[in-house]
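This is what each chain is made of:
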Amino acid sequence: MESLANLIMGFGVALTPYNVAIASVGVFLGIIIGVLPGLGGTSGVAILLPLTFVMPSTSAIIFLTSIYWGALFGGVITSILFNIPGEPWSVAATFDGYPLAKEGRAGYALSVAFIGGFFASLFSILLFTFFAPPLAELALRFGPPEYFAVMLLAFSTFVGLGGGSAVKNLVSALIGFLLASVGLDIVTGTPRLTFDSVTLLSGFSFVTVCIGLFGIGEILLSAEESLEFRGEQGKIGLRDVITTVVDIFRSWLTWLTGTILGFWVGVLPGTGATPASFMAYGMAKQYSRYPEKFGTGVMEGVLSTQSAAQAAGIGALLPLVTLGVPGSPTAAVMLGGLYIWGLQPGPLLFIEKPDFVWGLIASMYIGNIIGLLMCLLLVPFFTIILRIPYAILAPLIVLLSAVGSYAVSNRLFDVWLMLFFGVVGYAFKKLQIPLAPLAIGLVLGDMTETAMRQSIIMSRGSLSIFFTRPIAATCTIIALFLFIFPSLRIMFPWMRDRLWAPRGGG
Amino acid sequence: MRKAEIITSAVFLLISALVLYEAKLLGFGWGIEGPQPGFFIFYLALALGLSSVVRIVQVLRDRGLLPGTKFVSAKAWPEVLKVFLPMVGAVVLMEFLGFYIASALYLGFFMRWVGRFSWGMVLLVAFIFALSHYLVFEKWFLVPLPKGLLEPYIGL
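Protein sequence lines, in the order shown, are assigned to chains A and B.
Each residue of the first sequence is one higher than the last, beginning at 464 in my numbering.
Each residue of the second sequence is one higher than the last, beginning at -18 in my numbering.
Keep in mind the hints are simulated off the structure, nothing from the lab.
Computed from a predicted structure; not experimentally measured.
No false leads were mixed into what you were given.
Just so you have them, the derived chain B footprint on chain A, three or more residues with Cβ under 8 Å:
no. : stretch
1   : 847 to 858
2   : 870 to 881
3   : 919 to 927
Cut-off 30 Å, straight-line C-alpha distance, at most; resulting in silico cross-link-like pairs (BS3-like, lysine-lysine):
no. : chain 1 : residue 1 : chain 2 : residue 2
4   : A       : 756       : A       : 565
5   : B       : 56        : B       : -16
6   : A       : 892       : B       : 63
7   : B       : -16       : A       : 893
8   : A       : 893       : B       : 56
9   : A       : 756       : A       : 698
10  : A       : 892       : B       : -16
11  : B       : 56        : A       : 892
12  : B       : -16       : B       : 63
13  : A       : 565       : A       : 698
14  : B       : 63        : B       : 128
15  : B       : 63        : A       : 893
Note that beta-carbon positions come from the ideal geometry of N, C-alpha and C, so glycine has one too.
Please model the entire structure based on the sequences and the hints provided.
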C-alpha cells in the first residue's frame, strides 16, 4: 500500500503542466525518431540528451523516457506502411504488418500494434510499480561483492544468451570497459591509458561515444542502401479501433505471453526490445493454431511483436532504477544521463530522491497514454516525415549529433571523437560485432571496477569473497555458467540450433 | 569479410598489447592500498587478447564461414564516402568558421551535391537551419555553440 501512496505522490510530480508538456514533446520527438529508419531510439536519446542539461533531473528523465516510449510506438508505423523497419525492434512487425497493409487493412494493423502495445506497456508498468520497491529494498543490502556479481551477471547474459558470436559479444564488452578506464584512475587518481595526452585525462564521454557509434554509424550504414519510401496509406478510423479491441480480447493469450516474455527479456541486462520482439513472434507462431498463415498478414504476428517490444522497453528500466544496471542500450544512455545530472543511480534513489523515482514511474503511465493518442490521431502526419529527402535528413542528423557531442563539455575535440566512433560503429555493424555490450561496458566500467577493487580489498586479495556471500555467490555462479556456456555450444553443435536467440539492441 | 575479420582481430590484439604494456608501467599487482591502478585493465587486456586469438583461429579454421560476403561492396564504397567526407569537411570548417556558418555550408553543399536541389531551396533550408539552431540552442537551451571569425561582425 505504501507503493500506492508513493505513486499518487509521483503523479503529483508528473502531472505538473511543465512535466506533461515535457513528456508530450518527448513522445512526439520519439515517434519521429521511431518513424525515421536511419535514426534509432538509442542514438535519438543520446543526441537529445544534452537538451536535458537545463532541466531539473525529474523532468530530464521524463523527457528521455518519453522519447523512448515514442520511439517504441513510432517504429512500427514505418514497418507496417512501408515494409521498412523504423527501428530494429519493429523488424518483426513487418512480417505480418505489411501484408495486412497491402490488403488495404493498414489502419487495422496499425491500431492492433498501437492498442496492443499500449496495453502491454500498461501491464508492464503495473508490474514495474509493484516489483521495483521490493527489488530496491533487496538491493540496498548489497555490498561491493554483490554489485560486482550483478555486473558480472549482466555481461555474462550477453555472452551466453546474446545470440551471434559469443567471442564478439565478449570483445565488444571488453572494449567498452577499456574505454571507460581511460582517464584518471577512480581509486588512486593516477592517469591511465592517456598516453600523456591532457585531452584524454577526462576520459571518453559516454554521450559522445554513443552518438558516434549509434547515430553516425547508422547514417553511414544507411548511405549504402538508397532508401526509397513507397508505401501504403494509413489512417485509423473508429471502426478499426473497435474491431481491434474485440480481436485483442479474442487473442488475449498471444498478447499476454508476448507481454510477459517481453517484460522479462527487457529486465535481463543488456537485452532489450529487439530480441524480445523476435522471440515473441516465434512463440506466437509456434503455439498458433494456424502457424502456416504467419507472414501473410496475421493479426497475432503484429500483436505479439509490438506487445513484447513495448513491454521490454518498460522492463529495461527496472534494473536501471533499482540497481543502476541498464536493461537495454537505450537504458544505458539514460544511465549516462543520470550521472551527468549528478544522481547516483541505484536503490538509494528510492530513499533519497523519491520524487524522482515515483515521478518517473507515474510519467510512464502518462507518457504511454500520450503516445497512444498521438499515434492513433496523427499517423498521416508522421508518414509525411518520411517524405523528407535523404539529402536533407542525413546532414540534419549529423549536425544534431555534432551539437549533442559538443554540448557535453563544450569542445570540438568531442565532435572529432564522435566521427571516429561513427567509423568504429559502422565497422562493428558490418562485422556483426554487437554495439550494445560496448555501450553498457562503457557506462558501467567505473562502477564495475570500483566494486571489484573494493571487494578484493575487503577480502585482502582473495576471490573467495564472490562465492561465500549468498547473493553474490548465486550471481557469480550463474554468470560463470553463462560465460562457459558458449564454449559448450561449440563443443556440442546440436545445442547451437536449439538455443539460438536473435541478437540485437533496443 | 574473412580478411576484415582477421584485420580487426589483429587491431584488437594490438590494443590489448598496448594496454598490457601500460598496465605493466602502472603496476598490476597488490600495492599498499590494495590492487594497483593497472590491476583491472591488465585482466581486461588479457581477456581481449585471448578472445582475439580465439576469433582468428575460428576464422582460419572454419573455411565455410561467411562465403562470398564482402566487408563493403565495391558499389557501396563511393556512396559511403560521399556521406562521410562532407562530415569531416564540416567539422574542419567548424574549427575555423564556428558552428553556424560551417553547418549551413555543409547542409547546403550536401543538398546541392547529393540531392540536386535548386539554389533557392538550398539557401532557404540552410538559412532556416542556422537560425532555428541559434534560437533553440543559444537562446532556449543555453548551449553556446562554437563560433568562428565571422559572428562578431553581426553582433553575436
